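Q: Sequence:
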Amino acid sequence: MKKYQIPLLKDHHLHPYMYAALKDCIDLRFVEKKEDALSILKNGKKDEINVVVGWNNSLYSFTDQEIDPLPPSFILNASLHSYTINKSAADLLRLKNKDIVDHLGDCEWAERNFSAVMKFAEMLNPCTSEKLKDYYNDLLKQGVWFAEEMLLIHEDEIDLFKEAGLIDRTRFWADINTYKTLSEDAQKCICGIKMFTDGAFGSKTANIKTPFLTGEEGIRVFSDDELRQKILEVAELEIAVAIHAIGDGAIEQVIGVLSNVKEEIISIPEIRMEHCQLITKRNAEEAKELGIILSMQPNFNVDSIYYRDRLTEHYILQNNPFRMLIDEVGFTPGKDLILGSDGMPYGVDDSLKCSLFPPYPSQQLTLDEYIAGYCMPDMEHGHIEVEIDEENQSITTEVIVK
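When we follow the numbering used here, the leftmost residue of the sequence shown carries the number 696, and every step to the right adds one.
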């Protein structure tokens, strides 16, 4: 057993406002049997919308016959990129936004309008400054001091962070349409623009070059020309950009478009690619040359286990190739390779265990690499006591806050 002290975490990819808002919703993350999930949903509130989170469709899916008799339920996939809604909930929610409700089952529409869907979900269970405080207290118990808010919902969100005293523990990103609605003062709080080029494994909408085993081909949110125009629009703002790209098709598209406009985007101070789980060595080399920062999630190593029902063996082995990125291409944790959780789940326990003892050796990070990519630069606010049992491939942690 080896013992270490490491700094608290800086989660480079999280959605604290959304997760704080949804924290008191029905949660199916640890419900592995459909009959148990249906029993929980059956006991939901009868006269208002039950927002349900954490549903993993690699374990089970719901039919209309199963959920329509239940209380009004709006069910979000664990990836947040897929949705199921029963008839009573749909009837009620059409009064709030008919367009969104009528398109939730259209995967391509949902991915193209992801920000709007997330705003809609948050509206059903609004956040408060007290919820934010509670969520950040929970983050701290899990070893997280600082979080990047990757998708600002609206301007009031910034005011709630200020009211909660959390503005100095958060870095804000917004989609470009939301950014343009913000006041000048609010825009100064935004470090960059977030955009999506594909979906996720959980919703079978990640843009992959070989179809999912279940037949889906994933979603390409933009044509090359549309993506080019979006990136040039960011360049005019002279602000950072973070581009969601999970599948190898999306990653290849992002790098190709950035290569074609590299002379026109020198005004963008920081270019990040989020997730990039299926990045190839060739694309990694191109990304390195372009100066792209890779923002990745060690906890997504387990996608190689969870999504065996839909990913080919090639993709299972290609997922999160940290050793290739570091050893062969030269990415440096903490500089052009940064780490976060996307909240699935957040905290030191899962991310550190998945880093040190992943499903495949190609996904492994050393403790020093984890610290460089994931931790605060010092122990000013506290630290984490870590015990590592190499023989049993386990860790234990204790968070110490100053």
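To be clear, the hints were calculated from the coordinates, so they are not data collected in a lab.
Keep in mind that a hint or two might mislead.
[To be verified] With a straight-line cut-off of 30 Å between C-alpha atoms, the simulated DSSO-like cross-links for lysine-lysine are: (1) Lys-737 / Lys-857; (2) Lys-883 / Lys-697; (3) Lys-904 / Lys-857; (4) Lys-718 / Lys-697; (5) Lys-1030 / Lys-883; (6) Lys-925 / Lys-875; (7) Lys-976 / Lys-875; (8) Lys-729 / Lys-828; (9) Lys-737 / Lys-793; (10) Lys-904 / Lys-983; (11) Lys-782 / Lys-828; (12) Lys-718 / Lys-836.
Here the structure is a predicted model, which is why all the values come from computation and not from measurement.
Q: Please name the hints from earlier in the document that this structure breaks, with their numbers sorted from lowest to highest.
A: Failing hints, ascending: 1, 2, 3, 4, 7, 8, 11.
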